[in-house]
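As a plain string of letters, each chain reads:
2 protein chains.
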Amino acid sequence: MINVAVLGYGTVGSGVVEVIEKNKDMVNKKSGQELRVKYILDLRDFPGDPYADRVIHDFDKIVNDDEVAIVCETMGGVGAAYQFTKAALEKGKSVCTSNKELVAKHGPELLRLAHAHNCNYLFEASVGGGIPIIRPLNYSLTAERIEAITGILNGTTNYILTKMEQDGADFESVLKEAQEKGYAERNPEADVEGHDACRKIAILSSLMTGKNVDSEKIYTEGITKVTADDFVYAKAAGRSIKLLARSRVLGEDEVLAMVAPFMIDKSHPLAMVNGVFNAVFVTGNMLGDSMYYGRGAGKLPTASAVVSDVVDCARHLGRIIMCFWEDKDAHIADISGVETAWFVRVKTSALQQAQAALGAVRTLEVPGRSEDRALFTKPMKESEFAKKCGELGSDVLGTLRLY
Amino acid sequence: MINVAVLGYGTVGSGVVEVIEKNKDMVNKKSGQELRVKYILDLRDFPGDPYADRVIHDFDKIVNDDEVAIVCETMGGVGAAYQFTKAALEKGKSVCTSNKELVAKHGPELLRLAHAHNCNYLFEASVGGGIPIIRPLNYSLTAERIEAITGILNGTTNYILTKMEQDGADFESVLKEAQEKGYAERNPEADVEGHDACRKIAILSSLMTGKNVDSEKIYTEGITKVTADDFVYAKAAGRSIKLLARSRVLGEDEVLAMVAPFMIDKSHPLAMVNGVFNAVFVTGNMLGDSMYYGRGAGKLPTASAVVSDVVDCARHLGRIIMCFWEDKDAHIADISGVETAWFVRVKTSALQQAQAALGAVRTLEVPGRSEDRALFTKPMKESEFAKKCGELGSDVLGTLRLY
Chain A
11 MINVAVLGYG TVGSGVVEVI EKNKDMVNKK SGQELRVKYI LDLRDFPGDP
61 YADRVIHDFD KIVNDDEVAI VCETMGGVGA AYQFTKAALE KGKSVCTSNK
111 ELVAKHGPEL LRLAHAHNCN YLFEASVGGG IPIIRPLNYS LTAERIEAIT
161 GILNGTTNYI LTKMEQDGAD FESVLKEAQE KGYAERNPEA DVEGHDACRK
211 IAILSSLMTG KNVDSEKIYT EGITKVTADD FVYAKAAGRS IKLLARSRVL
261 GEDEVLAMVA PFMIDKSHPL AMVNGVFNAV FVTGNMLGDS MYYGRGAGKL
311 PTASAVVSDV VDCARHLGRI IMCFWEDKDA HIADISGVET AWFVRVKTSA
361 LQQAQAALGA VRTLEVPGRS EDRALFTKPM KESEFAKKCG ELGSDVLGTL
411 RLY
Chain B
11 MINVAVLGYG TVGSGVVEVI EKNKDMVNKK SGQELRVKYI LDLRDFPGDP
61 YADRVIHDFD KIVNDDEVAI VCETMGGVGA AYQFTKAALE KGKSVCTSNK
111 ELVAKHGPEL LRLAHAHNCN YLFEASVGGG IPIIRPLNYS LTAERIEAIT
161 GILNGTTNYI LTKMEQDGAD FESVLKEAQE KGYAERNPEA DVEGHDACRK
211 IAILSSLMTG KNVDSEKIYT EGITKVTADD FVYAKAAGRS IKLLARSRVL
261 GEDEVLAMVA PFMIDKSHPL AMVNGVFNAV FVTGNMLGDS MYYGRGAGKL
311 PTASAVVSDV VDCARHLGRI IMCFWEDKDA HIADISGVET AWFVRVKTSA
361 LQQAQAALGA VRTLEVPGRS EDRALFTKPM KESEFAKKCG ELGSDVLGTL
411 RLY
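So the sequence lines, in the order shown, correspond to chains A and B.
Quick note on numbering: this note's numbering labels position 26 of the first sequence as 36, and the sequence is numbered without any gaps.
Quick note on numbering: this note's numbering labels position 150 of the second sequence as 160, and the sequence is numbered without any gaps.
So that you can see chain A by itself, here it is in the shape it has in the complex:
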């Protein structure tokens, strides 16, 4: 029997307990022995809960109990979660987490600590919720040189963009609805400004390059400027609009990474990833393109991913199975030199001027719309585009990168 402690009995933590219980025959078979949730750490009590007797309030009890081999950190944040994770790893207890913020911020240190104490720090649930992506990157694509990763990595923004597309609604009203339904937080900034997706692509980029990719150095643009009008033109052009988190290896130790809304062709597999679903599109030098699709968040999918890490720890007790990246920072290329083709929506009166300035390869008129027109540019440097767009001033109504 292997004893497990769950830190934080919120959405994901209670899901972890539920998955271990409901699928115990499968989980125990795959683990090679019985998994038991011995402790649940939370500040609150849960009278009436079937696991109320496991709830404790003192982390020391867990860290000092030699019977506890595996800890699930489902608290979130980088405060107590960081302290508890360090303390557990220092005692040789493996830690499985869904906390992308902590992995993105302190990943290399925690991996090093786990290694020094002959245990594992696993984080399948930190990216893409229930989509198995960390383990395939680490264990399946072992004959590949991964060249690029592009993901739809945030369920809230993908839900909002999908609703805007389907209903022709504007950002603010869909956000409000999403908040009412619980799909978006009351303070939605981390999602809608792209920070959540940024942390996840930082983790994937670190795995891809083997070097630390600092999420704070990744160019990040959210979806707050995407309008219902942009979607009208996207539809007319056979495209959709998605918040993409992209990363590409440029050379030894150098990576190009960014998070931004892109106008994507409908025939691309990422274009059909709708609602709260997420997907990770991976390009390898032998395999070509592959894609991993599933629920990017949610109690049970995320918990299932945490428990898959617990199972992996259980069958490799005393063995190090983590994927690693070096503490050394990868160089993140400045995006100003990147060549990108653009969608630009302008006032009808400025179409000719914009066309000439931006070297448009195509213009688009939507029947019944007199106020605006769209054009598509050839690839040009980000800095060049920014300059030319600036010169056009308020005649530019909307811009989106093409993918």
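Do not rely on the hints blindly, as some may be mistaken.
Simulated pairs of lysine-lysine, DSS-like, Cα-Cα distance not exceeding 27 Å [stated by the list, open to error]: (1) B:Lys245 <-> A:Lys245; (2) B:Lys173 <-> A:Lys39; (3) B:Lys173 <-> A:Lys245; (4) B:Lys39 <-> A:Lys338; (5) B:Lys276 <-> A:Lys276; (6) A:Lys338 <-> B:Lys34.
Cβ pair distances, simulated, as ranges [to be verified]: (7) B:Ser277 <-> A:Lys39: 33 to 41 Å; (8) A:Gln93 <-> B:Asn74: 53 to 61 Å; (9) A:Val376 <-> B:Val88: 52 to 60 Å; (10) A:Val376 <-> B:His326: 56 to 64 Å; (11) B:Gly400 <-> A:Glu381: 55 to 63 Å; (12) A:Ser277 <-> B:Lys186: 35 to 43 Å; (13) B:Asp70 <-> A:Asp224: 54 to 62 Å; (14) A:Ala158 <-> B:Gly328: 32 to 40 Å.
Here are a few chain B residues that face chain A, going by a calculated C-beta distance under 7 Å [stated by the list, open to error]: (15) Val29; (16) Met36; (17) Val37; (18) Lys40; (19) Val65; (20) Gly140; (21) Arg145; (22) Ala153; (23) Arg155; (24) Tyr303; (25) Gly304; (26) Leu310; (27) Ser318; (28) Val321.
Calculated from the structure, these hints are not laboratory results.
Virtual Cβ for every residue (Gly too), placed ideally from N, Cα, C.
Keeping the supplied structure of chain A fixed, place chain B upon it in accordance with the hints.
For chain B alone, coordinates are given in the frame of chain A:
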């Protein structure tokens, strides 16, 4: 250093050698030591080939060389490949294969043999070519009870159906073109009649249930009856036509499996899997839906999957890491009792009669077509549908299951 032997220097075999060579820094890093291709077994000689000096014609040399730890079986077929695989496993050499026919036919025996000799029989490349699916099912979805798997598992038929859809062409002409381009074999039966997809869904079903699912007992229907006219109606209905290999757990030891062309809604993620791409759609009881997408065939993608198995063997020498299923056969449910909704194309003159007989929930008329009409039925038992359709006789021009 770990010595590897490659059996068969054809498309996949030469790809295996190429992947090990081209990505050797990555492959050796992930393996934990250097991999070396010591022998290449083939009947032919390859003068001028960079690996010509490794080519031998006598399998005994491989099986009797204690230095060879891992064998890649990339010959195909169930004759010599079967004998050589058994002989290698009996000597404790792990075998990695792309041979779905052999896995589907002798999987349990070979897995048992590998287990008895403390080595592994791995077959990631046997299903979905380069798509990592066996390892995710086995190592990632360990906290899941897998309830259903639906795959587009054959690249040739998916290429043909995609071309029929895009060009409005008929089956025969697209098949001919595919044969000229090398996307279809001169004898295309194994692909177009669904046998190849059937073997792959049998392997996935065996992994899902933990019991042996006999491919020969799976109801299998190919794509030869799908017409350009069917695609006209599919398009009008917002649907596509795909050859789906489906498997669903019905109860303890019982599975429902079938291979057939389905008319699938365009909004389903499988509908956008086009050309030679394949995908596997997996439903778990906690995770919900997830999908794995990539190149289902081709030299380098398939070779990359074989080498990923080699790497896994290399880092687990002397340890058993295989997924298993029992020798005991799973019960395969008779499809006659399954409830399915249908697309039916009938002569215009017979529409009313067909509507009444089949209880159509919707009819469809395509402008400019006078000769035929389509209807969509409510779900009904396969046996009931077959009986009613038989009664309508030659008035029925085409039928497809809905998905």
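Outcome of the hint check:
no.: 1; hint: B:Lys245 <-> A:Lys245; verdict: holds (18 Å)
no.: 2; hint: B:Lys173 <-> A:Lys39; verdict: violated (45 Å)
no.: 3; hint: B:Lys173 <-> A:Lys245; verdict: holds (24 Å)
no.: 4; hint: B:Lys39 <-> A:Lys338; verdict: holds (18 Å)
no.: 5; hint: B:Lys276 <-> A:Lys276; verdict: holds (12 Å)
no.: 6; hint: A:Lys338 <-> B:Lys34; verdict: holds (23 Å)
no.: 7; hint: B:Ser277 <-> A:Lys39: 33 to 41 Å; verdict: holds (36 Å)
no.: 8; hint: A:Gln93 <-> B:Asn74: 53 to 61 Å; verdict: holds (58 Å)
no.: 9; hint: A:Val376 <-> B:Val88: 52 to 60 Å; verdict: holds (59 Å)
no.: 10; hint: A:Val376 <-> B:His326: 56 to 64 Å; verdict: holds (58 Å)
no.: 11; hint: B:Gly400 <-> A:Glu381: 55 to 63 Å; verdict: holds (60 Å)
no.: 12; hint: A:Ser277 <-> B:Lys186: 35 to 43 Å; verdict: violated (25 Å)
no.: 13; hint: B:Asp70 <-> A:Asp224: 54 to 62 Å; verdict: holds (56 Å)
no.: 14; hint: A:Ala158 <-> B:Gly328: 32 to 40 Å; verdict: holds (36 Å)
no.: 15; hint: Val29; verdict: holds (5 Å)
no.: 16; hint: Met36; verdict: holds (6 Å)
no.: 17; hint: Val37; verdict: holds (6 Å)
no.: 18; hint: Lys40; verdict: holds (4 Å)
no.: 19; hint: Val65; verdict: violated (22 Å)
no.: 20; hint: Gly140; verdict: holds (4 Å)
no.: 21; hint: Arg145; verdict: holds (5 Å)
no.: 22; hint: Ala153; verdict: holds (4 Å)
no.: 23; hint: Arg155; verdict: holds (6 Å)
no.: 24; hint: Tyr303; verdict: holds (4 Å)
no.: 25; hint: Gly304; verdict: holds (3 Å)
no.: 26; hint: Leu310; verdict: holds (4 Å)
no.: 27; hint: Ser318; verdict: holds (5 Å)
no.: 28; hint: Val321; verdict: holds (4 Å)
Hint compliance for this structure: hints 2, 12, 19 are not met, and every other hint is.
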